[in-house]
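Undergrad: Spelled out from the first residue to the last, the chains are:
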Amino acid sequence: AAGVIQSPRHLIKEKRETATLKCYPIPRHDTVYWYQQGPGQDPQFLISFYEKMQSDKGSIPDRFSAQQFSDYHSELNMSSLELGDSALYFCASSLAGQGIKGYTFGSGTRLTVV
Amino acid sequence: GQQLNQSPQSMFIQEGEDVSMNCTSSSIFNTWLWYKQDPGEGPVLLIALYKAGELTSNGRLTAQFGITRKDSFLNISASIPSDVGIYFCAGLYSGNTGKLIFGQGTTLQVKP
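Residue numbers (the numbering used here), protein chains in the order written: chain U, 1 to 114; chain L, 1 to 112.
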């Protein structure tokens with residue numbers, strides 16, 4: 001079965017640079033969630049989209065923005081990168097109305113800021 | 001801020017032993033979830049609990065949703081080396097958009 005695809009898997013950037021992370025949800029899933037997991041930490045919710053509209057917002061820095069496109073894939077744009085942005089970034093997708101059933105995480109993008 | 005308190009933080013056990021971990025919260029959750037995360041991978045759902053008092057099993061795993069909807073435990077029986085990983089509890093509010101609140105995680109190591 002198709003899973004949530006994230007790219008790239010690994011990314012190294014320098015401070016103050018910009019990064020774009022991509023997420024391709026499971027086919028027919030209409031909702032996408034982004035989480036940030038720092039070293040030794042639990043995943044923290046950043047933002048979510050349903051039918052291309054932002055549906056919820058967590059502790060996402062103003063330097064970050066995200067959107068969901070017409071094909072339901074999502075991109076997380078991160079600017080003015082800081083050392084503290086180094087983390088695993090997970091995307092998850094689900095189908096609205098199914099609750100937690102089918103809520104699936106991708107394998108993540110490991111961002112290292114040097 | 002952090003709303004789920006998960007314990008223990010880490011466990012080092014012998015293969016074949018049973019394991020128990022739990023989560024408590026100051027908030028009431030509509031759904032309680034247990035995930036396992038392997039290094040460098042995303043969390044994988046183990047068990048989902050929907051009703052207060054619900055006891056659910058998935059193979060050697062058993063989890064229960066507390067009566068108050070503010071706590072849950074996960075038991076792993078007869079542990080094996082592939083049980084190694086980080087286990088997270090997570091809560092989902094009623095009417096929520098799907099945002100999950102995670103516990104701090106329990107790191108499990110199994111000695112063959």
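Each hint should be verified, as a subset may be incorrect.
As the list claims (entries may be wrong) - No more than 25 Å apart at the CA atoms, straight line, and that leaves these computed lysine-lysine pairs for DSS-like:
1) Lys70(L) - Lys99(L)
2) Lys22(U) - Lys70(L)
3) Lys52(U) - Lys15(U)
4) Lys51(L) - Lys52(U)
5) Lys101(U) - Lys111(L)
6) Lys101(U) - Lys51(L)
7) Lys99(L) - Lys36(L)
8) Lys57(U) - Lys22(U)
9) Lys111(L) - Lys51(L)
10) Lys101(U) - Lys57(U)
11) Lys111(L) - Lys70(L)
12) Lys99(L) - Lys101(U)
13) Lys111(L) - Lys57(U)
14) Lys22(U) - Lys111(L)
15) Lys13(U) - Lys101(U)
16) Lys51(L) - Lys13(U)
17) Lys101(U) - Lys70(L)
Calculated directly from the structure, the hints in this document are not laboratory data.
Undergrad: Would you pick out the hints that fail for this structure and give their numbers low to high?
TA: Violated: hints 2, 3, 4, 5, 9, 11, 13, 14, 15 and 16.
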